[in-house]
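Q: Take a look at the letters that make up each chain.
Number of protein chains: 2
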Amino acid sequence: MFRSHNCGELTAANINTEVTLSGWVQKSRDKGFIVWVDLRDRYGLTQLVFDEERTSKKLIEQAQNLGREFVIQVTGMVIERASKNPNMPTGDIEILVSKLTILNESMLPPFTIEDKTDGGEDIRMKYRYLDIRRNPVKNSLIFRSKVSQEVRNYLSNEGFIEVETPYLIKSTPEGARDFVVPSRMNQGEFYALPQSPQTFKQLLMVGGMDKYFQIVKCFRDEDLRADRQPEFTQIDCEMAFVEQEDILNVFEGLTRHLLKEVNGVEVEKFPRMLYDDAMRLYGNDKPDIRFGMEFGELNDVAQHKDFGVFNTAELVVGIAVPGGNSYTRKDIDKLINWLKRPQVGALGMVYSRCNDDGSYKSSVDKFYDQDDLAKWAEVTGAKPGDLVCVLSGETNKVRAQLSALRMELAERLGLRDPKVFAPLWVIDFPLLELDEETGHYHAMHHPFTSPKPGQLELLDSNPGDVKANAYDLVLNGNEIGGGSIRIHDKETQAIMFKHLGFTEEEAKAQFGFLMDAFQYGAPPHGGLAFGLDRLVAILGGQETIRDFIAFPKNNSGRDVMIDAPAPIDEQQLTELSLKLNLKS
Amino acid sequence: MFRSHNCGELTAANINTEVTLSGWVQKSRDKGFIVWVDLRDRYGLTQLVFDEERTSKKLIEQAQNLGREFVIQVTGMVIERASKNPNMPTGDIEILVSKLTILNESMLPPFTIEDKTDGGEDIRMKYRYLDIRRNPVKNSLIFRSKVSQEVRNYLSNEGFIEVETPYLIKSTPEGARDFVVPSRMNQGEFYALPQSPQTFKQLLMVGGMDKYFQIVKCFRDEDLRADRQPEFTQIDCEMAFVEQEDILNVFEGLTRHLLKEVNGVEVEKFPRMLYDDAMRLYGNDKPDIRFGMEFGELNDVAQHKDFGVFNTAELVVGIAVPGGNSYTRKDIDKLINWLKRPQVGALGMVYSRCNDDGSYKSSVDKFYDQDDLAKWAEVTGAKPGDLVCVLSGETNKVRAQLSALRMELAERLGLRDPKVFAPLWVIDFPLLELDEETGHYHAMHHPFTSPKPGQLELLDSNPGDVKANAYDLVLNGNEIGGGSIRIHDKETQAIMFKHLGFTEEEAKAQFGFLMDAFQYGAPPHGGLAFGLDRLVAILGGQETIRDFIAFPKNNSGRDVMIDAPAPIDEQQLTELSLKLNLKS
Numbered sequence: 005m006f007r008s009h010n011c012g013e014l015t016a017a018n019i020n021t022e023v024t025l026s027g028w029v030q031k032s033r034d035k036g037f038i039v040w041v042d043l044r045d046r047y048g049l050t051q052l053v054f055d056e057e058r059t060s061k062k063l064i065e066q067a068q069n070l071g072r073e074f075v076i077q078v079t080g081m082v083i084e085r086a087s088k089n090p091n092m093p094t095g096d097i098e099i100l101v102s103k104l105t106i107l108n109e110s111m112l113p114p115f116t117i118e119d120k121t122d123g124g125e126d127i128r129m130k131y132r133y134l135d136i137r138r139n140p141v142k143n144s145l146i147f148r149s150k151v152s153q154e155v156r157n158y159l160s161n162e163g164f165i166e167v168e169t170p171y172l173i174k175s176t177p178e179g180a181r182d183f184v185v186p187s188r189m190n191q192g193e194f195y196a197l198p199q200s201p202q203t204f205k206q207l208l209m210v211g212g213m214d215k216y217f218q219i220v221k222c223f224r225d226e227d228l229r230a231d232r233q234p235e236f237t238q239i240d241c242e243m244a245f246v247e248q249e250d251i252l253n254v255f256e257g258l259t260r261h262l263l264k265e266v267n268g269v270e271v272e273k274f275p276r277m278l279y280d281d282a283m284r285l286y287g288n289d290k291p292d293i294r295f296g297m298e299f300g301e302l303n304d305v306a307q308h309k310d311f312g313v314f315n316t317a318e319l320v321v322g323i324a325v326p327g328g329n330s331y332t333r334k335d336i337d338k339l340i341n342w343l344k345r346p347q348v349g350a351l352g353m354v355y356s357r358c359n360d361d362g363s364y365k366s367s368v369d370k371f372y373d374q375d376d377l378a379k380w381a382e383v384t385g386a387k388p389g390d391l392v393c394v395l396s397g398e399t400n401k402v403r404a405q406l407s408a409l410r411m412e413l414a415e416r417l418g419l420r421d422p423k424v425f426a427p428l429w430v431i432d433f434p435l436l437e438l439d440e441e442t443g444h445y446h447a448m449h450h451p452f453t454s455p456k457p458g459q460l461e462l463l464d465s466n467p468g469d470v471k472a473n474a475y476d477l478v479l480n481g482n483e484i485g486g487g488s489i490r491i492h493d494k495e496t497q498a499i500m501f502k503h504l505g506f507t508e509e510e511a512k513a514q515f516g517f518l519m520d521a522f523q524y525g526a527p528p529h530g531g532l533a534f535g536l537d538r539l540v541a542i543l544g545g546q547e548t549i550r551d552f553i554a555f556p557k558n559n560s561g562r563d564v565m566i567d568a569p570a571p572i573d574e575q576q577l578t579e580l581s582l583k584l585n586l587k588s
Numbered sequence: 005m006f007r008s009h010n011c012g013e014l015t016a017a018n019i020n021t022e023v024t025l026s027g028w029v030q031k032s033r034d035k036g037f038i039v040w041v042d043l044r045d046r047y048g049l050t051q052l053v054f055d056e057e058r059t060s061k062k063l064i065e066q067a068q069n070l071g072r073e074f075v076i077q078v079t080g081m082v083i084e085r086a087s088k089n090p091n092m093p094t095g096d097i098e099i100l101v102s103k104l105t106i107l108n109e110s111m112l113p114p115f116t117i118e119d120k121t122d123g124g125e126d127i128r129m130k131y132r133y134l135d136i137r138r139n140p141v142k143n144s145l146i147f148r149s150k151v152s153q154e155v156r157n158y159l160s161n162e163g164f165i166e167v168e169t170p171y172l173i174k175s176t177p178e179g180a181r182d183f184v185v186p187s188r189m190n191q192g193e194f195y196a197l198p199q200s201p202q203t204f205k206q207l208l209m210v211g212g213m214d215k216y217f218q219i220v221k222c223f224r225d226e227d228l229r230a231d232r233q234p235e236f237t238q239i240d241c242e243m244a245f246v247e248q249e250d251i252l253n254v255f256e257g258l259t260r261h262l263l264k265e266v267n268g269v270e271v272e273k274f275p276r277m278l279y280d281d282a283m284r285l286y287g288n289d290k291p292d293i294r295f296g297m298e299f300g301e302l303n304d305v306a307q308h309k310d311f312g313v314f315n316t317a318e319l320v321v322g323i324a325v326p327g328g329n330s331y332t333r334k335d336i337d338k339l340i341n342w343l344k345r346p347q348v349g350a351l352g353m354v355y356s357r358c359n360d361d362g363s364y365k366s367s368v369d370k371f372y373d374q375d376d377l378a379k380w381a382e383v384t385g386a387k388p389g390d391l392v393c394v395l396s397g398e399t400n401k402v403r404a405q406l407s408a409l410r411m412e413l414a415e416r417l418g419l420r421d422p423k424v425f426a427p428l429w430v431i432d433f434p435l436l437e438l439d440e441e442t443g444h445y446h447a448m449h450h451p452f453t454s455p456k457p458g459q460l461e462l463l464d465s466n467p468g469d470v471k472a473n474a475y476d477l478v479l480n481g482n483e484i485g486g487g488s489i490r491i492h493d494k495e496t497q498a499i500m501f502k503h504l505g506f507t508e509e510e511a512k513a514q515f516g517f518l519m520d521a522f523q524y525g526a527p528p529h530g531g532l533a534f535g536l537d538r539l540v541a542i543l544g545g546q547e548t549i550r551d552f553i554a555f556p557k558n559n560s561g562r563d564v565m566i567d568a569p570a571p572i573d574e575q576q577l578t579e580l581s582l583k584l585n586l587k588s
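First to last, the protein sequences are chains A and B. Take 5 as the starting number for the first sequence in this note's numbering and just add one per residue. Take 5 as the starting number for the second sequence in this note's numbering and just add one per residue.
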């Protein structure tokens with residue numbers, strides 16, 4: 005037996021008990037005649053004490069020679085501490101050690117195993133097993149496990165069945181790039197790793213499994229942006245014999261359950277917002293509604309004067325920055341420079357100060373009078389002391405720019421409190437999205453999403469106007485889940501494939517099995533998938549997902565700890581009927 | 005709203021309620037003036053009724069035109085059935101339909117959606133989504149989900165943390181063949197899919213995560229034997245600061261929990277058997293102990309006469325077949341032919357009939373007298389009325405042959421009752437196994453398994469004799485789990501790699517990260533993995549795993565439903581820096 009207790013559980017109630025503990029040496033303090041050692045395990049820290057009066061000389065020497073991160077086992081008596089530490093659960097006691105065994109020595113770790121470590125990102129990733137010993141990472145992984153278990157508890161109680169779908173499936177050129185897996189037994193052929201279990205969960209609905217879920221790894225071979233991983237985890241769900249309303253209710257229930265069980269937060273019924281309204285009011289399909297700063301569209305009150313910049317713009321739109329009139333001219337210039345960076349790409353910004361006396365002072369006083377500016381304040385909801393920031397240009401671009409500005413200012417103003425949770429359903433997404441480069445439409449959600457009833461006809465005349473039975477769950481400005489009611493008949497699915505530019509042959513080759521399945525009594529169905537990595541990070545009050553993943557990859561898709569990917573043997577390649585074809 | 009109730013829940017208590025149901029037409033009976041339709045969903049069957057007296061002519065006609073597997077929605081009144089069916093939960097009631105909507109039509113399915121279907125294996129796999137509508141498959145998937153959830157409940161309650169380990173890892177030539185995944189971003193390099201998360205779970209132990217589990221897909225690119233899948237699911241577990249005893253207790257607890265929660269069976273403390281004893285008594289490291297028929301080694305009582313076949317054999321060994329004296333000469337000849345098939349490979353069989361009067365009649369009466377045969381009966385535990393079957397030859401071969409005979413006879417004698425559960429720990433496995441083809445030793449469990457204390461020295465002199473801290477959990481003659489106490493220091497691991505034929509460079513290239521990790525305070529640790537597919541099948545009373553997997557692959561590793569694997573685009577290959585290298 006390596007331990008009778010763990011390092012986080014002993015209190016005054018255990019005084020005068022003999023215990024055995026095992027763990028890592030967090031640190032030691034050596035006063036010569038007395039040595040204290042903090043022993044750490046997953047559960048906490050316990051102070052060990054060795055002193056001249058009560059400990060043998062040999063044992064003290066042993067203790068003096070312990071290095072950081074040595075693995076030791078000790079037996080001793082729980083005694084009351086002379087100077088208690090009310091900040092730690094075991095702070096009332098210490099262990100007077102009578103026996104010490106070194107289970108394993110340790111070299112000096114390459115960074116400190118502390119909440120605030122001296123290790124940079126790269127070294128921490130290379131020695132991730134040491135990084136996991138640190139509370140912030142360890143607790144994030146434990147938190148993730150708890151969230152997953154609560155997801156399963158909730159959905160199981162609701163009658164959902166967790167079904168494992170295959171990982172070795174078929175590549176479909178549509179959508180993001182697949183990771184592929186050469187088949188040795190089927191020469192020249194490849195499996196693909198799933199980007200999601202989408203078609204399989206739909207087939208489970210055809211199979212009558214009416215409430216399905218799975219917490220499942222998905223794979224996308226994309227050029228990695230910051231905070232994206234080539235493999236990521238989804239809570240994947242699907243239901244049959246349901247309408248959108250049923251799905252929103254079930255997964256609102258799940259999200260509320262999680263907020264309550266893992267965050268102790270009770271949330272009211274989630275508000276719902278049309279996609280068009282989200283774009284109009286926040287310039288964004290995943291608005292952070294923890295704070296206001298809604299967009300005010302100013303075309304009507306800004307395009308009647310001689311200011312050409314506005315008059316030629318598709319959209320003139322502004323926000324009121326609370327207390328922003330206190331910004332100096334220099335502050336504002338910095339803000340404009342921030343907006344002009346290529347990541348945002350604005351050409352400039354017009355502003356209007358709302359003075360406490362009710363007057364206005366704008367950067368375009370040449371063109372607009374006090375009455376005009378008063379209207380801008382009214383439309384953006386600005387109060388005396390605020391600053392109205394106005395951008396103009398092509399609608400989509402200017403909305404994205406103003407949305408970026410809104411989020412940046414909210415961050416600076418401390419309006420994005422990670423302890424506040426503001427969930428939101430965004431509904432009625434467009435069915436199709438125009439790819440501006442190619443001029444083709446592609447599916448905004450995926451090709452299996454059903455259009456709103458009666459809108460199928462619009463596909464020919466105004467494809468961009470067709471709305472879908474598609475919805476996203478947004479939490480604190482992040483899309484944490486999204487889904488749709490699916491097409492469940494072969495004819496509609498064929499029309500969709502046609503509009504997405506598939507020939508009949510292509511559709512059949514790639515999705516023939518699904519089209520076939522639709523001919524054998526497919527029920528109405530729909531579903532949703534949550535991104536678990538992000539959901540867990542947000543519930544954990546963080547915006548980056550990396551510490552919630554045990555062994556993440558870096559931005560080149562590499563695992564720097566195990567050094568993967570790596571070359572493979574020539575023989576392996578030959579068995580797979582492959583040759584390298586390197587670009588020189 | 006598609007339904008107010010499901011098709012499995014309405015009883016006499018609901019009579020006179022108006023309900024809405026949705027589901028599939030299981031079958032209909034049309035008497036002209038009255039039509040009954042059985043409506044099916046995941047939860048059961050409900051009888052719908054349409055009759056001249058109470059139903060409109062139009063509605064009856066609609067009902068008459070329903071085909072099998074049409075998806076319909078009906079609204080109607082729950083009424084008492086004239087002739088009740090006590091064999092179904094909803095057998096007391098039927099629905100007098102007032103409204104019928106066809107949600108989707110269906111072509112005639114290629115096989116009947118019945119518990120006993122007319123569809124063969126191949127067609128059922130091609131239309132797996134229809135197969136899943138059948139109770140035996142549907143219930144197996146639901147059963148699997150329940151087992152998984154109970155595993156998670158038990159382990160979470162025991163303080164285990166579920167940690168997701170990566171799927172895109174690094175290929176290691178040792179062991180079975182890896183599936184590999186070409187990396188587009190790292191030209192000429194490959195990820196591998198994990199054969200198990202072995203090294204990651206050990207790194208989690210180094211990281212202090214002391215109780216880890218994961219239900220996780222694993223991958224092996226092996227030539228498929230019957231009932232093997234290229235992707236399979238493990239319940240993967242690891243613990244730190246534990247000895248073998250701790251691990252056996254925790255996972256015996258898990259198994260007992262599953263037997264109780266999913267099978268309603270209470271099992272005593274699991275017996276433990278040394279590997280050497282299992283081989284000696286059952287000729288097998290995963291003995292089925294639901295029945296006796298233990299081996300009796302007969303060298304001492306069969307090698308003292310002039311029978312050269314026995315005298316030159318390394319091992320002479322027999323079993324007593326209960327009631328086997330009733331076999332005719334023809335029965336026994338058939339048995340001998342069964343033994344001689346190449347799958348078993350015995351050269352012949354000697355037998356001795358144990359007559360009811362206490363006398364014996366053997367096939368080798370020329371050589372052995374009644375006293376000799378009495379000893380054979382004693383050693384094999386044969387009683388009057390039994391048949392002693394004796395094989396001889398090289399120890400390993402003859403044990404395997406007699407084990408096959410024992411299982412076959414037990415099957416025929418009905419001794420392998422799937423409702424009886426006989427778990428067993430087999431412990432003290434050998435550390436190394438001789439590969440008879442190459443003459444090299446390889447790790448019997450895996451290269452990270454620790455030898456028994458004090459046996460490291462034996463590695464040089466008698467490597468085959470070294471026992472490991474390794475154990476298997478056996479249930480009804482199937483290995484359902486296995487594990488070991490791991491090596492946790494760099495020196496021992498280096499010795500192991502050396503004995504397994506790794507050069508220092510190879511060990512470093514493949515497992516350098518693990519050797520590094522062992523230098524930074526690795527705790528003593530060990531673990532175990534269950535094969536979920538098989539565990540679920542056995543708990544479900546089946547011996548084949550396929551119906552417990554939603555979308556299994558066939559013996560060529562193909563998914564015949566989606567037709568994977570498949571060729572990929574030339575462009576995809578080029579992006580991956582690959583060219584096909586087909587054997588003509």
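Calculated from the structure, these hints are not laboratory results. Do not take every clue at face value.
DSBU-like mimics (lysine-lysine), calculated; alpha carbons at most 35 Å apart, straight line [unchecked claim]: (1) A:512 x B:512; (2) A:494 x B:120; (3) B:264 x B:142; (4) A:379 x A:309; (5) A:379 x A:344; (6) A:130 x B:387; (7) A:221 x B:62; (8) A:103 x B:456; (9) A:456 x B:583; (10) B:583 x B:512; (11) B:273 x A:512; (12) B:583 x A:512; (13) A:103 x B:471; (14) A:494 x B:502; (15) A:583 x B:264; (16) A:150 x B:344; (17) A:456 x B:62; (18) B:221 x A:583; (19) A:471 x B:103; (20) A:130 x B:456; (21) A:103 x B:273; (22) A:142 x B:62.
Predicted model, so just to flag it, every value in this text is computed and none were measured.
Q: Starting from the hint list further up, note which numbers the structure goes against and sort them upward.
A: Those not satisfied are hints 1, 6, 7, 9, 11, 14, 15, 16, 22.
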